[in-house]
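Chains as they are written, first to last, in the UniProt record's numbering: chain Z, 1 to 297; chain V, 1 to 297.
Hint data in this document are derived by calculation from the structure and do not stem from the laboratory.
No copy labels: a pair is met if it fits in one copy or bridges any two.
Straight-line Cα separation of at most 27 Å, DSSO-like style, residue types lysine-lysine; simulated pairs:
(1) Lys88 - Lys119
(2) Lys296 - Lys283
(3) Lys271 - Lys88
(4) Lys271 - Lys283
Chain residues, written in single-letter form:
There are 2 protein chains.
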Amino acid sequence: MSATIQPLSPTQRMYPTVGIVGVGLIGGSLGLALQHHHLATQVLGSGRSAANMAEAIKIGAITQIATLSEIAEQAQLIVLCVPVAQTKAVLEQIQPQLRPETIIIDVGSTKSDVIAIAKEVLGEQIGQFIPCHPIAGGAQHGATAARVDLFEQRQFIICPLLENAPQAIQTVEKMWQQLGSTVFQMSALVHDHIFAAVSHLPHLLSYALMLQVANSEDAQAKFAHAGAGFRDFTRIAGSSPEMWRDITFANSEAILEQLDDYILILQHFKKLIQDGNSNQLEKLLNIASQSRNNWKG
Amino acid sequence: MSATIQPLSPTQRMYPTVGIVGVGLIGGSLGLALQHHHLATQVLGSGRSAANMAEAIKIGAITQIATLSEIAEQAQLIVLCVPVAQTKAVLEQIQPQLRPETIIIDVGSTKSDVIAIAKEVLGEQIGQFIPCHPIAGGAQHGATAARVDLFEQRQFIICPLLENAPQAIQTVEKMWQQLGSTVFQMSALVHDHIFAAVSHLPHLLSYALMLQVANSEDAQAKFAHAGAGFRDFTRIAGSSPEMWRDITFANSEAILEQLDDYILILQHFKKLIQDGNSNQLEKLLNIASQSRNNWKG
Numbered sequence: 001m002s003a004t005i006q007p008l009s010p011t012q013r014m015y016p017t018v019g020i021v022g023v024g025l026i027g028g029s030l031g032l033a034l035q036h037h038h039l040a041t042q043v044l045g046s047g048r049s050a051a052n053m054a055e056a057i058k059i060g061a062i063t064q065i066a067t068l069s070e071i072a073e074q075a076q077l078i079v080l081c082v083p084v085a086q087t088k089a090v091l092e093q094i095q096p097q098l099r100p101e102t103i104i105i106d107v108g109s110t111k112s113d114v115i116a117i118a119k120e121v122l123g124e125q126i127g128q129f130i131p132c133h134p135i136a137g138g139a140q141h142g143a144t145a146a147r148v149d150l151f152e153q154r155q156f157i158i159c160p161l162l163e164n165a166p167q168a169i170q171t172v173e174k175m176w177q178q179l180g181s182t183v184f185q186m187s188a189l190v191h192d193h194i195f196a197a198v199s200h201l202p203h204l205l206s207y208a209l210m211l212q213v214a215n216s217e218d219a220q221a222k223f224a225h226a227g228a229g230f231r232d233f234t235r236i237a238g239s240s241p242e243m244w245r246d247i248t249f250a251n252s253e254a255i256l257e258q259l260d261d262y263i264l265i266l267q268h269f270k271k272l273i274q275d276g277n278s279n280q281l282e283k284l285l286n287i288a289s290q291s292r293n294n295w296k297g
Numbered sequence: 001m002s003a004t005i006q007p008l009s010p011t012q013r014m015y016p017t018v019g020i021v022g023v024g025l026i027g028g029s030l031g032l033a034l035q036h037h038h039l040a041t042q043v044l045g046s047g048r049s050a051a052n053m054a055e056a057i058k059i060g061a062i063t064q065i066a067t068l069s070e071i072a073e074q075a076q077l078i079v080l081c082v083p084v085a086q087t088k089a090v091l092e093q094i095q096p097q098l099r100p101e102t103i104i105i106d107v108g109s110t111k112s113d114v115i116a117i118a119k120e121v122l123g124e125q126i127g128q129f130i131p132c133h134p135i136a137g138g139a140q141h142g143a144t145a146a147r148v149d150l151f152e153q154r155q156f157i158i159c160p161l162l163e164n165a166p167q168a169i170q171t172v173e174k175m176w177q178q179l180g181s182t183v184f185q186m187s188a189l190v191h192d193h194i195f196a197a198v199s200h201l202p203h204l205l206s207y208a209l210m211l212q213v214a215n216s217e218d219a220q221a222k223f224a225h226a227g228a229g230f231r232d233f234t235r236i237a238g239s240s241p242e243m244w245r246d247i248t249f250a251n252s253e254a255i256l257e258q259l260d261d262y263i264l265i266l267q268h269f270k271k272l273i274q275d276g277n278s279n280q281l282e283k284l285l286n287i288a289s290q291s292r293n294n295w296k297g
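Just chain Z, with the same shape it has in the complex (with noise of 0.2 Å):
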């Protein structure tokens, strides 16, 4: 990583053409980041939805709307922002027309099973693909919500592989700092159960809490009277359902263990309130609570 970096002129362009593929908030932020930084001249999408694609060139998200071969074929850099579990069919349709210069990356929430799903599409040709993982999102979606400033002062982790070219993965990093990320480098396993403890469970406990309110007969009298706190603790739970159902699976093994400690320690709060036990719960809530006073966020 050099210690200071300096915006490229346009000439110096780290990626011509960059290919997106799912243009919601995480494709459509980086299709503007990109721009704003001057580091893609061209910025070809692809997409399920119309109006979301049409939604991205209006905002300036992308330059242009491709089919999954033409970025294959144009792309020095495509990006693959779609729900994990789409990944495997984005590959297929890409590998064919995959040239050998040409770099993929993926931005999921989680490593393993993306890194599986590549090296069984792509075979030989894994060395090209960099698995990454930007710590930024929201709870909104689509591309209305892009951002050219999601990525700034964020984390984004890279879990490389033995195939990658050290040169290849230096570039992908130096995009991102230029995007005002810390680029930080993990194994895929290490990545996985970190954010199985505190994203992946967090974002299950969060619908947990909005299903139960939501399904209580006073449900009405509740939402009318919940404050800040029920606001905070549910803000995850507004995220994309088909987003956070691929990722709950992709990463079952990891989130199944969180979940599993995570009602034990329910269990025990459970026991300290019926023995009356306040002593301990107190010790147990300071610690918490001491945790969090710390946690530089």
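Given the coordinates of chain Z, assemble chain V onto it according to the supplied hints.
Just chain V now, kept in the frame of chain Z:
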């Protein structure tokens, strides 16, 4: 309730002297707001920590530090802003000097238990006690966290007793409307059931996740990479452990009921994941997500 609320002139102050017992976030903010809106001339404050009381004087939340006896003798309105578990001891100290025209309100997050305590201690004077709950707060605590606008655009809930004089209830309502809150009345039972679901349970859930991450072997890596979702989900885990211990035991029956329901949902999620039932999981996430996005919180 009057449709138009005009600030009172100094000669119209509702309660010349207000006594605040416990000058933390809520008590301190109330002291600031009562003076800002010219609703009280003198704000007497009482509290356990000398340092916190000095801070309360310094920021102008109270005009004078006082004993509970002095507050009982001088205040027209006494506001109990102590953790729920201290309510009994405070009422017992106030009761012997309590004048018949004085009104006592509390601001606790649970109501049935506080009412039982007040009835026990105040006996025939119970009509002077009006159970209240401002839906305002935050993870910060202590007088330093006090804010003059804490109650603006917030809900204020009164759980009136049959013994309360309608005039006394109206005066409390009017005062809190002057502070910018919208006032609701409901029974203590309904109150405790609603807030077990939308406030008390989420706090325990948020504490539980912090506990799980903090107690894991790779806690440091997890905290280093946790993002905005984790931040919002765990914000309420920074709240006062003492206060939430008290709330948990004060409303344990309703909370245990909600906790059981919640564990059932998590176990159902677990089964759907183990069974690979992605359709059903997505259906549930969809209900949750739509409820969250339709909620005008």
